[in-house]
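Number of protein chains: 2
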Amino acid sequence: MTGIHFLPFEKTVKPDGVKNILQLAQEAGLPLQSTCGGKKICGKCKVIVEKSDGPPPQPSDREREVLGGLLDEGYRLACDTILSHGAVIRVPEESRLKRQVILTSDTEHPYPVRLRPNVGHYYLEVPPPVLDSVIADRERLLLALKSTYGIHRPGLDPFVLQKLPDTLRSGRKGITATIWDKREIIDLNAGRQDGLFGMAFDIGTTTVVGYLMDLLTGNKVSVKSTMNPQIAMGDDVITRISFCQEDPDGLEKLRASIVECVNTLIAEASAEAEIDPSHIMEATVVGNTAMHHLFVGLDPQYLSMAPYSPVLQEGQNYKARDLGIKIGASAYIHLLPLKAGFVGSDTIACILATGLHKSKIPTLLIDLGTNGEIVLGNRNRMLCCSTAAGPAFEGGHIRWGMRASAGAIERLKIDPITLDVKWETIYNERPLGLCGSGIISAIAEMIRTGIILEKGNFSEEIQSPRLREGEDGREFVLVWASETATKHDLVITQKDVAELQMAKSAVYAGATLLMEQFGGGQIQRILLAGACGSYIDPLDACTIDLLPACETDEVTGVGNAAGHGSCLALLDKNKRNEAERIAGKTQYQELAAASRFQELFVSSMLFTSALDYQDDF
Amino acid sequence: MTGIHFLPFEKTVKPDGVKNILQLAQEAGLPLQSTCGGKKICGKCKVIVEKSDGPPPQPSDREREVLGGLLDEGYRLACDTILSHGAVIRVPEESRLKRQVILTSDTEHPYPVRLRPNVGHYYLEVPPPVLDSVIADRERLLLALKSTYGIHRPGLDPFVLQKLPDTLRSGRKGITATIWDKREIIDLNAGRQDGLFGMAFDIGTTTVVGYLMDLLTGNKVSVKSTMNPQIAMGDDVITRISFCQEDPDGLEKLRASIVECVNTLIAEASAEAEIDPSHIMEATVVGNTAMHHLFVGLDPQYLSMAPYSPVLQEGQNYKARDLGIKIGASAYIHLLPLKAGFVGSDTIACILATGLHKSKIPTLLIDLGTNGEIVLGNRNRMLCCSTAAGPAFEGGHIRWGMRASAGAIERLKIDPITLDVKWETIYNERPLGLCGSGIISAIAEMIRTGIILEKGNFSEEIQSPRLREGEDGREFVLVWASETATKHDLVITQKDVAELQMAKSAVYAGATLLMEQFGGGQIQRILLAGACGSYIDPLDACTIDLLPACETDEVTGVGNAAGHGSCLALLDKNKRNEAERIAGKTQYQELAAASRFQELFVSSMLFTSALDYQDDF
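Chains as they are written, first to last, in the numbering used here: chain A, 269 to 885; chain P, 269 to 885.
The following block holds chain A by itself, in its conformation from the complex:
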């Protein structure tokens, strides 16, 4: 062997004694996952050294801690292993990047939309120039616009000006001016122009979704989604901010990466719809504050330092070309307003889409993700906060946790007598791990079957081969090795339960704090947004005490509400003012400043419903 040969990909790279296996694999374009961007945090980049020309380096303390007994089977962490000689490295099933389930919405318009886009076509007949008085082309166009549509002297983008003389003299009877916000002419074409498109984006930390919309009919023409490629530079908001601080070009790398991603979605959606991307005349963008800042090249580092100030809050209009986005040459991109460093325009868009701001009854809206944004309110008053729930809801820091992709268990059932487990996986593949809703389902079932007790500890009384001592203390076997895709027992460990307790406690405490501040009155409606939120069984959510004052029939999944909000703002310009009013009106509660939050966080760790099930014994 003269190189490092990766299985099952049959690809060989040169060892250099400097780069680790993860770096070599990523450079070679292999789908080896790492959810921390190579920061030696996630422990997800497990590989198996099957052969080696020389003795492999001694395992690091972290490898011993993370891999335990797997070390004996040849497992190593790719990010911690540097080889200077040939080897054969197998990337096991569970370490491979998978097709991701991305929530794009299955309902066309979840809430009624009035079609009132911010760009429009205006067909005009412009009189020809005459010799006896000099009237410039621009002036003739503006006069015709005024007399035909009453639009008073809009600006002309420099690139549109360049099209003006030829368009006016095309020989066709009329021309079509495409006007943005009745303020600026952003395109000109001879004759009657058909086709007017817009694109709404939801830029998430993990996934990016783009909706191509027909602005003449309001129809969704194509929806495309992909992983946020910034993941290679950091798994979550905080690691990406660190990346900006550590690498002098970090901000630009992250910006370029998301711009390329958005351009790819534009190209894919346009190809599917068989339209020219230059006919996309406006785009809207929502995202959490860090994603928002990175998209427009604003340094996000102060988001992670008290007092966590964002660079700006109001909605913004950018020329697409100034951001490098490849739609119409003179088109604009509207970024919706945001509220705070950790309550972004995605949350504002969720409120907009769910109509929480018009609701008569107090409604709790939770966007479950690495940062659980929580909004509580009605049409009179809205409070919001952001809890650092951690990555558990997205499968992070969980032994067999994974993203919502093929082979992830998303729901399961434990027989109360036999403790046998029935599971459902995404795309019905052999189980690889557990995604967020699967973890919640597993822990809820373990509570209901008395395996997990009030404090989160495992029952000492239940006798079953599935409940056993493992490397991280006690663990419960959900799937035996013979049935998994990994050939290892798929377990929930005591440590996994503790991770979920932290996450659910943060959400529970945040929601409780908002309820206390909101004052009396029972919450009558709970909306769960986001990928994980939409797939969670309301009963499971109540069982694990994710939500305060929880009644199952009050809990509803609302899908990708942020994406819907982005679409609404694209289709109806008035929704943008509505979004500004929402952002202005919603009161932000900084949890870092609230000692009450710390109290609530500690006291919310318990699984109170476990007591109900224990009483059954």
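There may be inaccurate statements among the hints.
To be verified - Once the Cα atoms are required to be at most 30 Å apart in a straight line, the calculated DSSO-like pairs of lysine-lysine come out as: (1) P:Lys287 to A:Lys587; (2) A:Lys450 to P:Lys521; (3) A:Lys853 to P:Lys414; (4) P:Lys521 to A:Lys587; (5) P:Lys450 to A:Lys587.
Said to hold, decoys possible - Computed Cβ-Cβ distance ranges for the label pairs, DEER-style: (6) A:Arg460 to P:Arg864: 43 to 53 Å; (7) A:Gln326 to P:Leu399: 42 to 52 Å; (8) A:Arg421 to P:Ile350: 52 to 62 Å; (9) P:Ala296 to A:Asn531: 36 to 46 Å; (10) P:Pro497 to A:Ser438: 51 to 61 Å.
Stated by the list, open to error - Short, incomplete list of chain P residues facing chain A, as computed with Cβ under 8 Å: (11) Phe277; (12) Pro395; (13) Val398; (14) Leu399; (15) Gln430; (16) Val527; (17) Glu528; (18) Leu580; (19) Ala608.
Hints are computed from structural coordinates only; laboratory data are not their basis. Here a beta-carbon is modelled for each residue, glycine too, at the ideal position from N, C-alpha and C.
Using the hints provided, position chain P relative to the given structure of chain A.
Below, chain P without anything else, positioned relative to chain A:
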């Protein structure tokens, strides 16, 4: 010989049997002049074939016509000669590009200027962010601007937004916001920012001048000028427009060429002043309508077709970056308004600089160039027109005409008895040719000495070796070959006189037409602008009947008034509104539509003052 060897440059290139000598020389960077851009019109690219490996191709009809007897001396036109074998080619003195005299102005401010620039520095102290309420960086900045200076919510350029978080947290007490038009923040810097610069441009068909101005003091810091490199693609406005029509990339080539030229002037002026070009926060631009259109990438082709409509007339603000101009990243460029297809913002700037629009007495303003723009008016009323005077005033279509560069005769005196000639050349070099003022001086002197008669014909009575028959009919020898740099007699031909008659007649007729339309009242002031205009002796102008109703003491040269106007608009933003009002108020007279102009043009051909001098005999 295996190549074509150019003397005196000692440079050898490969003959290819396809490219002509002019193209080969230009590609090799040799200073072989051609004022028609290789279109086989100007006849200025004369070269001498000193040796040849094979027989040179037969002279074309054009070469026979242009070169006449010079053919026997080995002269050829480089643009008409294609060689497929080795040769030695000499580029004679008169065919070489020279250092050009470009009028930049010797007076600091010809008219009083109030320093009121459109950009300013605003020093601010912005309170730090606090934890108990989220105020975005942008919001804090805007609040401080409002409370300190009463400036209400200016926009922020996207690139400035990117500087915002770090600038606010620089650790310095205050920051400096650079604000454009009180409307948009175009730069941000920590601490008190010194240095605020602007640059005013005058883009002429032949020359481009840039004035670097200190916007804090109003001082001119550096002035740089150069030939307009578009000359390589066409000598005058009409040939450049043809270039756009013939070459599909012509417009873009011309645009890129002038943008590069302007960027070079910016770099040179900045280097001389030892400033960073990114501290230039605004620029103003004037030019004739074709130069204006080419600079911003607007197709000029309709300028040359009836009814000669420009694409736009109003003043425009462009982001410098949208035009590719390398000053401050977020800076603006202001283009002054124009009037018509052939009355550009340079003419508006001339009016602005000379204060014609405020004048109590009727004033005639003439910008002598290929297009002679003429304005007549006072503070109550202004008329303007453009005459296609042709290139004679710039040395074009004149046997020994040349641009105003080293060796050009700019003034001369003919002894009325001996007919001996005393001349002055630019930079006191040996005479190479005649520039515009030299041609006018020569013809005026020839009128005053009775050599040229009323109709423009040469005297048959005067006997002198200097007055003789030449190839183009009669000619007068100004300088004998022994004294010239070319070793050829430097003559004024009958054909040269006819060319000047056409040019002066166009100006005379245009001015007369405006005077007729203006109605009664004697013109009391005549201003001559432009390079040629400023160097002309008022007496010469009157002698050749360039100007109607001409009294010598009423004629004044006003230098590069267009450039001054550009500077004024840079230093005092109110001048921009003044320019709009001038453009709006001035009435344009299209001469192509006026049969009266044709009558006047024909009747103005005579040199009426010749009669006075003939009477002396």
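In rising order, the numbers of the hints this structure does not comply with: 1, 2, 10, 11, 12, 16 and 17
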